[in-house]
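Just so we're aligned, residue -13 is where the sequence shown starts under the numbering used here, counting upward by one.
Hints in this document: simulated from the structure, not taken from any laboratory.
A portion of the hints provided could be inaccurate.
Here are the simulated DSS-like cross-link-like pairs (lysine-lysine), alpha carbons at most 27 Å apart as the crow flies [stated by the list, open to error]:
#, residue 1, residue 2
1, Lys68, Lys6
2, Lys22, Lys68
3, Lys68, Lys57
4, Lys22, Lys6
5, Lys57, Lys6
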Amino acid sequence: MNIHESAENYLEAILALSEKGPVRSIDVAQHLNFSKPSVSRAMSLLRENGYVIMDSSGFLTLTGAGLEIAKRIYERHLLLTKWLVHLGVPEAVASEDACRIEHDLSVTSFDALREYINRDLGIV
-13 MNIHESAENY LEAILALSEK GPVRSIDVAQ HLNFSKPSVS RAMSLLRENG YVIMDSSGFL
47 TLTGAGLEIA KRIYERHLLL TKWLVHLGVP EAVASEDACR IEHDLSVTSF DALREYINRD
107 LGIV
């Protein structure tokens, strides 16, 4: 399950937006501050690769594979953001930095960091 960072960002955005209601490509474009044509192309590729389904009304749904990736990245984003805020980083900066870190951190390192944050800091 090795996909590009950009695809992870799209899947994460769909997951985050779906917590507020149905999601369309335009919602993803606005959320990520990307052009509609760029998002349309990305959604096409995500559909072709089995990560996203688009219904006849244009609403996006993550497949099982897409949801698995999105949850993994979103969990990383939320945990890293909370940790950085705990360290005194302003929330907007923490969120941006978490977005950069979340894609490159190994599973082993993330698991150790999550365990430390949960056990020793109690911030999650």
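Comparing the hints with the structure gives:
{"no.": "1", "hint": "Lys68 with Lys6", "in the structure": "holds (21 Å)"}
{"no.": "2", "hint": "Lys22 with Lys68", "in the structure": "violated (31 Å)"}
{"no.": "3", "hint": "Lys68 with Lys57", "in the structure": "holds (16 Å)"}
{"no.": "4", "hint": "Lys22 with Lys6", "in the structure": "holds (20 Å)"}
{"no.": "5", "hint": "Lys57 with Lys6", "in the structure": "holds (16 Å)"}
The structure shown violates just one earlier hint, number 2.
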